[in-house]
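Position chain V against the provided structure of chain R, taking the given hints into account.
Protein chains: 2
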Amino acid sequence: MDLREVILNQFGPIEQSQLDNFIKLWSAPITVKRNERLIRYQETENHVYFIEKGTCCITYPDINEDIVVGFGYPNTFLFSPSIINNKPTEQEVIIIKQSNVRSLHKRYFFEFINHHLEVQKKWQRQIELLLVAQIDRQIDLLISSPEERLKRLLIRSPHVFQLIPKKYIASYLRMTPETLSRIQKP
Amino acid sequence: MDLREVILNQFGPIEQSQLDNFIKLWSAPITVKRNERLIRYQETENHVYFIEKGTCCITYPDINEDIVVGFGYPNTFLFSPSIINNKPTEQEVIIIKQSNVRSLHKRYFFEFINHHLEVQKKWQRQIELLLVAQIDRQIDLLISSPEERLKRLLIRSPHVFQLIPKKYIASYLRMTPETLSRIQKP
Chain R
493 MDLREVILNQ FGPIEQSQLD NFIKLWSAPI TVKRNERLIR YQETENHVYF IEKGTCCITY
553 PDINEDIVVG FGYPNTFLFS PSIINNKPTE QEVIIIKQSN VRSLHKRYFF EFINHHLEVQ
613 KKWQRQIELL LVAQIDRQID LLISSPEERL KRLLIRSPHV FQLIPKKYIA SYLRMTPETL
673 SRIQKP
Chain V
493 MDLREVILNQ FGPIEQSQLD NFIKLWSAPI TVKRNERLIR YQETENHVYF IEKGTCCITY
553 PDINEDIVVG FGYPNTFLFS PSIINNKPTE QEVIIIKQSN VRSLHKRYFF EFINHHLEVQ
613 KKWQRQIELL LVAQIDRQID LLISSPEERL KRLLIRSPHV FQLIPKKYIA SYLRMTPETL
673 SRIQKP
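Chains R and V are the protein sequences, given in the same order.
493 is the number of the first residue of the first sequence in this note's numbering; add one for each residue after it.
493 is the number of the first residue of the second sequence in this note's numbering; add one for each residue after it.
Any given hint might turn out to be false.
Where chains are identical, the list cannot tell them apart; a pair therefore holds if satisfied intra-copy or between any two copies.
[Said to hold, decoys possible] Straight line, CA to CA, 30 Å or less: simulated DSS-like cross-link-like pairs of lysine-lysine:
(1) K643 x K579
(2) K613 x K658
(3) K677 x K613
(4) K545 x K659
(5) K525 x K613
(6) K658 x K614
(7) K613 x K579
(8) K598 x K659
(9) K643 x K658
(10) K525 x K677
What the hints contain is simulated information worked out from the structure, not anything from laboratory work.
Chain R extracted, bound-state conformation (with noise of 0.2 Å):
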């Protein structure tokens, strides 16, 4: 998969030029290395990005400690909530595992997305289902059984248990990791 595969899912079909135009638009693909931050915390985000290899974490930074939030895979994109209010992130976004990544001004990304009603239909249709996705999320953070939210994130995103280390996932799941080795253990 690349990102011209991505998008045709995602967005297609598409006319070949279409397509040609829009990908001629991103950047070439930089290399970001382990623990390095993408997105820094208070910047306002202009650009949308594109995961071409690696992974990464979308932290908090609470007093104490970065909180996991959300998390970032091959092949997917990776938008700030800066591009949709125009305000300062309240997040970071961490590399976990070295990343080539492709940025694009979040400019030409609406163009494209406005461009064609099927299009902006298929977007709009992405935003319904991540906000049932976040709203999820709350009630994840809200269940007080630990079993009860590991239960969940299986059902929810089994992939996430191959691609991200645990202790990334323990902090998403407000558990320390020696409770999600424990309770994944029967």
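Relative to chain R, chain V alone:
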């Protein structure tokens, strides 16, 4: 304000006759009493609601308590995640103050939304902003300082303190009503 004005505000301009036809599809207002459930846990909700009068809270029923995750106010729409993903909802909507509520089957709602490009774009924008609000809310839940959680709510939704009794706000902020009273003082 009434249903007509709220639709015009949020989705307008809309041609008079089209708006008339759309409003006719909504049910007459029904009265729902305090503590009654408007939407029940594990039901797949097929309707969108408009709150003409009254207030409600959206709760997640955890093992030991109902946890408040949101509120509904007069002259606003109420959407269950069910209408997007067609799955049973994990939330309940409980009336706080006796309400007059109108309902519409989601089929008519989405036909209206998708009929005109301008209305659809306004819906898309609202969904995008709701998504950002949910991301903010996720961060709310992760912040360890109760004072900071209160401060964020005061900035985001000052009206909540006029409309909603303190015990529900305390649950929403993940603190006891006593803690909320104490930190509201200074």
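Now the hints, each set against the structure:
1. Taking identical chains as interchangeable, the C-alpha atoms of K643 and K579 lie at most 30 Å apart only when they sit on different chains, with a minimum of 18 Å there against 34 Å within one chain.
2. Taking identical chains as interchangeable, the C-alpha atoms of K613 and K658 are never at most 30 Å apart, the minima being 36 Å within one chain and 40 Å between chains.
3. Taking the shortest Cα distances, K677 and K613 never come within 30 Å of each other, neither inside one copy (43 Å) nor across copies (48 Å).
4. Proximity of K545 and K659 under a CA criterion of 30 Å is satisfied intra-copy only: 21 Å inside one chain copy versus 48 Å between copies.
5. Taking the shortest Cα distances, K525 and K613 never come within 30 Å of each other, neither inside one copy (35 Å) nor across copies (38 Å).
6. For the identical chains of this complex, K658 and K614 are neighbours neither inside a copy (33 Å) nor across copies (41 Å), given an alpha-carbon limit of 30 Å.
7. For the homomeric pair K613 and K579, the shortest alpha-carbon distances inside one copy (25 Å) and between copies (21 Å) are both at most 30 Å.
8. Neither within a single protomer nor between protomers do K598 and K659 lie at most 30 Å apart by alpha-carbon distance, with minima of 32 Å and 42 Å respectively.
9. In this homomeric assembly, K643 and K658 come within 30 Å of each other (Cα to Cα) only inside a single copy, at 15 Å, whereas the closest approach across copies is 33 Å.
10. Within a single copy, K525 and K677 get their C-alpha atoms no closer than 33 Å, and across copies no closer than 47 Å, so neither meets the 30 Å cut-off.
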